[in-house]
Amino acid sequence: MSATDLQLPPLQIEKLPSGLTLLAVQKRGLPLFHVRLSLPAGACEDPRGKTGLAQFVVDLLRRGTRRRPAQDVDDLIESMGAHLYADVSMEEAALALTVPAELSERALDALLEVALEPAFEDAEVSAARRRTIAGLQSDLDEPNSVAGRAVVTLGYGSAHPYAHPAQGFRRDVETFRREDALGFHATRYQQQGALLAVVGQRSPAELLDLMKARLGQWEGSWPGRSQRVALQFAGLPPGEGMRAIVIHKPDATQAQVRIVSPGLPRSTPRYAESVVTNTILGGGFTSLLVDAIRVDRGLSYSVSTRLHMNRRAGLSIFSSFTKNETLRELVDVALEKMRAYAQSGPSEDALEKARRYLAGLFPLGLESHEALAEQIADALLDGLGLEHIQTYRSRVSAVTAPQARTMAAELSPAREGALMIVVGEAEAARRALGGLCPVDVRQLEEFA
Amino acid sequence: MPLSEKDFPVEEHSLENGLQIRLLRDTSLPVCTVYSFFRVGSRNERPGITGISHLFEHMMFNGSRKYGPKEFDRRLEAAGGSSNAYTSQDITAYYEDFASEALPLVLDLEADRMASLTIDDASLAREREVVKEERRFRTDNDIDGMLAEALGALTYLAHPYRWPVIGWMTDIEAITRQDCEGYFRTYYAPNNCTLVLVGDFEPAAALREIDRLYGPIGAGGKLPGVATGEPPQKGERRAVIRYPSQAPALIAAFRTAAGRDPDLLVLDLIEAALSSGEGARLKRALVYEQELCVDAHVYFGWRMDDAPFEISLKLNPGVDPARAENALWAELSRVSSEQMPARELERAKNLIRSQLLRALSTSNGRAHTIGQMEVLLGSWRAMLDLPDRYASITAADVLRVAQKTFAPHRRNLVTLVPGEVDA
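Protein chains in written order, with the working numbering: chain A, 76 to 523; chain B, 11 to 433.
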C-alpha cells in the first residue's frame, strides 16, 4: 500500500456493539454542522416485483413521523435553515442535513426521528404512490433521464439486483401499500451495516460524545434486529456482437446515445488503473473522445465515458448526443476511437496528463462538509478504509503504461457484446444505424 | 450576525490598465481557484448576433499566441487542474480549479488568451456546430428550455433579456469571424474584467505575477451602451406552446427590479417562502395538498437590469392547466394580501442564511461569490452585511414588495399543451 499522501482532518471512528459505525470529523472554519446517516437500504434491496421501494420509503420518511404530521416535519427541518437530503444509491439509503453549528443537537434529533420513526400513514402512502407515478411519467419527457433508466435496466442483464432504476417501474410502484413500506423499513433500517457521520467544528471526541448522547435518546426506536437473505450477484452475461435498442421519442431532433459494457466493482484492487484509463478515454475535457467528437468535428456538446461502480458490480458507459442527421457519424467515430484505444492503450503523454489531473484535483472533492462526510462514509461502507482516500493520489500517480493498456482493453465500453441505447426519433435512428448491428425499437412507456 | 472581514481578508488591487484583482488566501487544502469575470453577456448583444456572448465563451478555449489550439485545457489538466465557464445575461465567467503549484501556469494561460486570442474560421465553424448541439439539448428538445425561451420573449419587449443567452438558431448560424473579433476587442479588455484568486497561494508573489503577465495588455475603449429601455407592462401577456409531452406545464414571470435595488433581497425571501424546501407554500399547496404538480419551483436571481421572478409548474399528467393556473394566482394573491406569519418569515431567513454559508464552503464558491458581488453590486464587501440586511426585513416589507410585484396586470404566462402542431 502506498504512503499517505493526503492529510484528512482530525477524525475518530467507532463501531458500536449494535453494528452501527460512528464517524466524527472536525472541520474548522465556517460555523456549520453536517450529519449524515447511511443505511443498508439501497435500491439493490428492492424485493422482486417491487422495484423503487427503497426510494419510495426514503421519500416517505419525511411525510409524517409517529410524533408529528408531514407539515410539522418540514417545519422542524426547514426552520433550521436546512434541506433534508434523502436519497438512495444502489447500496444505501442516505439522509443528511447541514445546519448552523449551534443547532447540532436539534439536527441530530430531527434526522434520527425521520429515519427511525416514520408513520407511513395510509393516506400519505397513497399520495406518495400517485406522486411517484406522475413523476415517472413526467420523466419520459427527458431523453437524458430515459437513457439513464435504460442503461441500468438493460446493462446489468435481467434478474441482477442492480438491473433497475432506483425510482423503479410504474407497474411495481402501482402495487405499493403501507405494508410494503413498513416491511422494508423494519428489515433494512438496521444498525448493523449503518453509519452515522457528523462533521463539525468541535473535536472528534466531543462530536462522538454528542452523537452517543443523542443516539441514547433514540435507542428504542430502531427496528429490531432482522436477518436478511443475501442477494445473489451473478456475473454480468458476456454478449455476442453488438446490438442496439432504440427508444422512440416522437419529434426529437437530437438523439441521446449510450454504449454500455460490463465494468468493475468499486472494491476492485485495480481501482486506480481503471479511473486513470477511463479519464484518458472520456473522463476529462481533453479526453480522446472529446477531442475526436467535440473539438475536431463539432458533432456534440457533451461526450464522456464513465464507470458506474457499485459495491459488487459496475458498468462502463459511453454517453453523448447529436442531431439526428449526424447520429451515424458520431457512433462510427466513437466506436473507432474506443476500439483503437482498447487495442493500443494510452500514449505516455496522455497517461502522465491523466495521472496529474486526477491527483491534483482530488482534494477539491473533499472540500465541503457534505463531500467530506460522504466520501469517508462510502469508503468505510465499501470496506475500502480511509487508505482509499489517503493514498488515492499516490495510487493514481503510480499507474503504469502496461497497466493502463491492459485496462483499456478490459474496460472499453465498445468491446464485444456491447449494448447501444439510443433515445430519439425511431425512424431516423433506425436509418442511421442500418447495417451496423441489429436494431430493436422500443416504446418510451416501457421505461416508465 | 454579519460575516466578518476577519474571516474573509480579501485583498483589493487594480492594475493601470483597469484590471480589478481580488485575492483571498486559504491554506486549508493545497488547491486554488481563479475566476475571470467579464462584464458581458446577452444583454450586450443585438438582434442578428444573439448568442455571440455564449459562442464567444466557447471560442476562448481555442488557442492564443503562446498556447495554440487544444493547449489551454491540455496544459491545465497536465498540471492537475480543470476549467469551465458560463455565460449569463450579464456576465461571462471563466474559472480554473487546480493544485496550487499550477498557479503560475493558470495565470499565464488566462493572460495569454486575454492578450492574444486566436479567432479563425475553421474553429468558429466547429464551435458553431457544438453550440447548435447545445441549443438542441437545452432548448429545442427540453421542455424547461423551450418554455423559458418563450417566457423571456413575452416578459421583455425591448430589453435584450428578451432573447435567450444561447441565442436564436439562425443568429448562431449567422455570426461571423468579424463579429467575434469586434466582440473580443470591445469586451475582453482588462478594464472590463475582475480577476479573483482564492486558495493556497502567496498573495504578494501572485500579485507580482499578475502584474507581469496582465500589465502589458492595453486597456480597452469605452463600452457601448446597452439598450435597457423597457416600456411599463399594461396588461397580462400569454403564450401557448404545443409539444408532444407527457404532461402540461406552466411557467410565469413578473418583471422586478435591477441588481442594486434593496427590494431584491425581499424577493429572495419570498422565493424561499414560496419554493425552497418541501414545506414551502407552493410545494405544500400545489404538490402535496392539491396534487396538481410534480414540482413547483421559483427561479429568481439578481441581474444588472430588471430581473424576472419566474415560477415553473410541472403539472401532473391530465391536470387541466387552467386549474393549476388559478391555484398559482391564489397563492400569489395570498402572499400579496396577508402578512406573512413571523415563523414563516424566520424560516425563509434561515434558509437564505444557510444557503449563503454553504456557498462559501468551497474555494470555488468563495471566489464566485466575491466576483459576483463585485460585478453585480459593485463590491465584494456587499456579502459581509447581507445576513444583517436579510435579518432586518419585516413582514410589512414582504407584503409591500409582493403587492407591487404580483399585480395581475404584470403577469406573463406560457402554457405547454401536450400535442403536435399541425403542419
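There's no promise every hint is true.
[What the hints assert, rightly or not] Simulated restraints, written as ranges between beta carbons of each label pair:
#, chain 1, residue 1, chain 2, residue 2, range
1, B, T180, A, P106, 45 to 55 Å
2, B, P57, A, L459, 21 to 31 Å
3, B, A405, A, Y160, 42 to 52 Å
4, B, Y96, A, L459, 26 to 36 Å
5, A, R381, B, G192, 50 to 60 Å
6, A, R381, B, E183, 25 to 35 Å
7, B, E301, A, R143, 14 to 24 Å
8, A, Q267, B, P40, 52 to 62 Å
Calculated directly from the structure, the hints in this document are not laboratory data. Don't be surprised by glycine CBs; every beta carbon is placed ideally from N, CA and C.
Hints, verified against the model:
no., hint, in the structure
1, B:T180 - A:P106: 45 to 55 Å, "holds (52 Å)"
2, B:P57 - A:L459: 21 to 31 Å, "violated (56 Å)"
3, B:A405 - A:Y160: 42 to 52 Å, "violated (30 Å)"
4, B:Y96 - A:L459: 26 to 36 Å, "holds (35 Å)"
5, A:R381 - B:G192: 50 to 60 Å, "violated (40 Å)"
6, A:R381 - B:E183: 25 to 35 Å, "holds (32 Å)"
7, B:E301 - A:R143: 14 to 24 Å, "holds (22 Å)"
8, A:Q267 - B:P40: 52 to 62 Å, "violated (38 Å)"
Checked against the numbered hints given earlier, the structure breaks hints 2, 3, 5 and 8 and satisfies all the rest.
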